[in-house]
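Asker: Once you know that position 53 of the sequence shown is 53 in my numbering, the rest is easy, because the numbers rise by one and skip nothing.
Don't take every hint at face value.
Unchecked claim - Straight-line Cα separation of at most 20 Å, DMTMM-like style, residue types lysine to aspartate or glutamate; simulated pairs:
1. LYS55 / ASP35
2. LYS45 / ASP35
3. LYS83 / GLU97
4. LYS118 / ASP36
5. LYS110 / ASP26
6. LYS55 / ASP85
7. LYS68 / ASP52
8. LYS93 / GLU82
9. LYS110 / ASP85
10. LYS27 / ASP49
What the hints contain is simulated information worked out from the structure, not anything from laboratory work.
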Amino acid sequence: MKKSSVVSIMVLVCAVLLATGVWAADKNAVKKQVDDIVVAIDAGKKAADFADAAKKDPYVFIMEAGGKLLVHPTLLGQNLKEKADVVFKEVSKGTAEGIWVKYEWQGKKKITYTRKTKSGLIVGSGFNE
Numbered sequence: 001m002k003k004s005s006v007v008s009i010m011v012l013v014c015a016v017l018l019a020t021g022v023w024a025a026d027k028n029a030v031k032k033q034v035d036d037i038v039v040a041i042d043a044g045k046k047a048a049d050f051a052d053a054a055k056k057d058p059y060v061f062i063m064e065a066g067g068k069l070l071v072h073p074t075l076l077g078q079n080l081k082e083k084a085d086v087v088f089k090e091v092s093k094g095t096a097e098g099i100w101v102k103y104e105w106q107g108k109k110k111i112t113y114t115r116k117t118k119s120g121l122i123v124g125s126g127f128n129e
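Build out the structure end to end from the sequences listed, making use of the hints.
Answerer: Right under this line is the structure:
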């Protein structure tokens, strides 16, 4: 095998490993942020206490079971079920333990970690696949 081919393969392998590591780190950070918010809400904090989380990248949303968004960067106070039923159906699958869901929205594949609080609020965050 030529030296240039070996170098190309090594670069490709390194790129894949780096991309996978970055994705895993992002995934872990998203999960931790959502988990921390759920624990805090279960301990008595209000959804509004996390309004700043909607300004982060990736942003966090907090939604009532019926779809009303209590925390969101652009849809605050609106109903996700009415605005984007496909997204609503997926993020509503959140469990008390948390679950990763995948869906497509506006031509982009999304991965979202969604988890329910003891009171039934749905907390989630994610990123483009």
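Asker: Under the constraints set out in the numbered hints, which ones does this structure not fulfil?
Answerer: 3, 6, 10
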